[in-house]
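A.B. asks: Here's the letter readout for the chains.
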Amino acid sequence: MASMFANTQNAGRRYQRLFKLRLLALLPVCIAAVLNTGYQYLAVLADAPELAVDDLRGNLASGLGAAYEDPGLYDMLAAGLAHFLPVLIVALVIGGFWERIIAARRQRPIETGFILIALLFTLMLPGAVPFFHVVYGMSFAVLLGKGIFGGDGKTFLSPALLGVAIVQVSFPGAASQHPLWQGLAGYAGSDAIALFNRGGEAALSAAGIDPWSAFVGSVPGTMGTTSVLAILLGAALLLRFRVIAWRLLLAQLVGVIVIATLFNLSANESGAAAMPAHWHLLLGSFAFGAVFIACDPFASACTNPGRWIQGFLIGALVVLIRVVNSTHPDAVVPAMLLASILAPLIDHAVIAWNIRKRAQRHV
Amino acid sequence: MQDSKWQTLTRPLIDDNPLTLQILGICSALAVTTALDTALLMSFVVVCVLALGSGSVSLIRNQLPHSVRIIAQITIIASLVIIADQVLQAYAFELSKRLSVFVGLIITNCIVLGRAESFAMHNRFIPSVLDGIGNGLGYSLILIIVGAIREFFGKGSLLNVQILVPTSQGGGFEPLHLMLLPPSAFFIIGGIIWLIRSRRPRQVEKPEFTLRRSTETGE
Chain A
1 MASMFANTQN AGRRYQRLFK LRLLALLPVC IAAVLNTGYQ YLAVLADAPE
51 LAVDDLRGNL ASGLGAAYED PGLYDMLAAG LAHFLPVLIV ALVIGGFWER
101 IIAARRQRPI ETGFILIALL FTLMLPGAVP FFHVVYGMSF AVLLGKGIFG
151 GDGKTFLSPA LLGVAIVQVS FPGAASQHPL WQGLAGYAGS DAIALFNRGG
201 EAALSAAGID PWSAFVGSVP GTMGTTSVLA ILLGAALLLR FRVIAWRLLL
251 AQLVGVIVIA TLFNLSANES GAAAMPAHWH LLLGSFAFGA VFIACDPFAS
301 ACTNPGRWIQ GFLIGALVVL IRVVNSTHPD AVVPAMLLAS ILAPLIDHAV
351 IAWNIRKRAQ RHV
Chain B
1 MQDSKWQTLT RPLIDDNPLT LQILGICSAL AVTTALDTAL LMSFVVVCVL
51 ALGSGSVSLI RNQLPHSVRI IAQITIIASL VIIADQVLQA YAFELSKRLS
101 VFVGLIITNC IVLGRAESFA MHNRFIPSVL DGIGNGLGYS LILIIVGAIR
151 EFFGKGSLLN VQILVPTSQG GGFEPLHLML LPPSAFFIIG GIIWLIRSRR
201 PRQVEKPEFT LRRSTETGE
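Sequences listed follow chains A and B, in order.
Per the numbering used here, the first sequence starts with residue 1, numbered consecutively.
Per the numbering used here, the second sequence starts with residue 1, numbered consecutively.
Among the hints, erroneous ones may be present.
To be verified - Now the in silico label distances, taken between C-beta atoms and shown as ranges:
1. A:Ser213 with B:Ile163: 42 to 50 angstroms
2. A:Leu24 with B:Gln203: 41 to 49 angstroms
3. B:Gln89 with A:Asn354: 51 to 59 angstroms
4. B:Gln7 with A:Phe97: 37 to 45 angstroms
5. B:Ile71 with A:His362: 47 to 55 angstroms
6. A:Phe131 with B:Ile163: 17 to 25 angstroms
7. A:Ala103 with B:Leu158: 33 to 41 angstroms
8. A:Ala104 with B:Asp15: 26 to 34 angstroms
9. A:Ile351 with B:Ser118: 37 to 45 angstroms
Said to hold, decoys possible - Short, incomplete list of chain A residues facing chain B, as computed with Cβ under 8 angstroms:
10. Ile166
11. Val169
12. Ser170
13. Phe171
14. Pro172
Unchecked claim - Distance condition first, Cα-Cα at most 25 angstroms in a straight line; then the derived SDA-like pairs of lysine to any residue:
15. A:Lys154 with A:Gly96
16. A:Lys357 with A:Asp347
17. A:Lys154 with B:Lys206
18. A:Lys154 with A:Phe19
19. A:Lys154 with A:Pro109
20. A:Lys154 with B:Thr210
21. A:Lys154 with B:Arg197
22. A:Lys154 with B:Leu195
23. A:Lys154 with B:Phe209
24. B:Lys206 with A:Phe149
25. A:Lys154 with B:Ser198
26. A:Lys154 with B:Val204
27. A:Lys154 with B:Arg213
28. B:Lys206 with A:Leu144
29. B:Lys206 with A:Gln107
30. A:Lys154 with B:Phe187
These aren't lab readings, by the way, just hints derived from the structure by calculation.
Note that the structure is a prediction, hence the values are computed from the model and not measured.
Don't be surprised by glycine CBs; every beta carbon is placed ideally from N, CA and C.
Input sequences plus hints: build the corresponding full structure.
C.D. replies: Take a look at the structure:
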């Protein structure tokens, strides 16, 4: 799906419309991200005030007047913004910096895609991510994910996903170093899934996680990926304006449900394999990835049968990696990278199959 | 035009580098470059095998029946590699354990057979040895650069001498785990290729096909 839009003014307008819709769809996710990040931060502080650290984000939160005793909406908002905004600003500055250099070298106007990349990238990181990691991941995302393939609309992987993957494999232990966020949210995504793998549903309810709170998003996790409700709002907008393919989205749900059910049937006791499908959909960053990453119009299959195949593959892979490989409790990043890489091959096969079928019809 | 002996030796360093221009021997370049010392040792062994292999093939090139030449070349190379492997196990056991199968796999390194087949079969002894050494050094150059980058950023050390103190020991350096994984060698070799080709545009391949200019006008 590399060059879906030819390089004309008209195509440029279509690209801008797509871009704005995708940004707009992320708005509810951003609001949920800010609120939940603040909520989680203050909840930890209320438990253990001595964990407050003297860094930029901690000072910003207390400077804005976020109080951890009996936090209200304002406190959550302030604490959340103090964590969300600095990361986003760093990501935007770094993305813009590289974009400017690329544009200057290629003598082309600056493309806006880096804004979307920065936003998606930020939403998939934990609130305590060190700024150096943001700089590092964002540089990879813009240069290797987008720049060398020719810029916006010519990428074959989602650049934001690539950035997150690079940060994850480069600093696997980093997320547990921060004293305040220890055990809250690592790069590997959701600790809620790891909790379930260890202790089943009982461990989840002991940690105060029930289906409703996971749906609304008041559970620990990476900043933007916890609230399934906000993600569904964004998905509704994207589906309404046909930015994303409903087949791809539905196929991912089918993949998760089928494979998770198969594992449930074969599991004899509690453990990763016993996790029911609804928890797979609610916990971790699957919902976010399914809507905003996997359905990236430039990094997914563009034939209808191809969409079914790719979607099912993503869903199946997410569950498979979650169950089988305990070092990737979230599994969304590797699964979606793999499926994205396979998308052109799937399309190729579907088209070849179609050509053969039609040729046989007209012997 | 016959190259001079000096050119035979130096051309494979940058202008005709087996790794960055011919993209040969990538597998071992990924596997042995997590640290500088293994990269150095591997480089040394490959230079020896290439020089001796090309030289021996060149010596018997006029006696070799054409139909069995590959078998003969492989036999020579395999014998040399086995000798090298045994010497390493005798005198540098620890390092040879870390190199594991990759010394043995020099037999399948395309550079070795490629030079024997394409150069040593048609040239006299001295140029063949020089060509072997040159190609070995070209391979070594890239291996050493990649090994140095990976060890420095992956562990903060060079030749096992700690230069940067990692955060786990209270320093300010955060090791990049990525550098210890094979994909990082792809990134680094890709970067080196890009660097060389932007300096020497002659190495840039012609595009296999070019896109036509778009004629789309309306929706």
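A.B. asks: Kindly indicate which numbered hints from before are broken by the structure, ordering the numbers from low to high.
C.D. replies: Going through the list in order, the structure violates no hint and respects every one.
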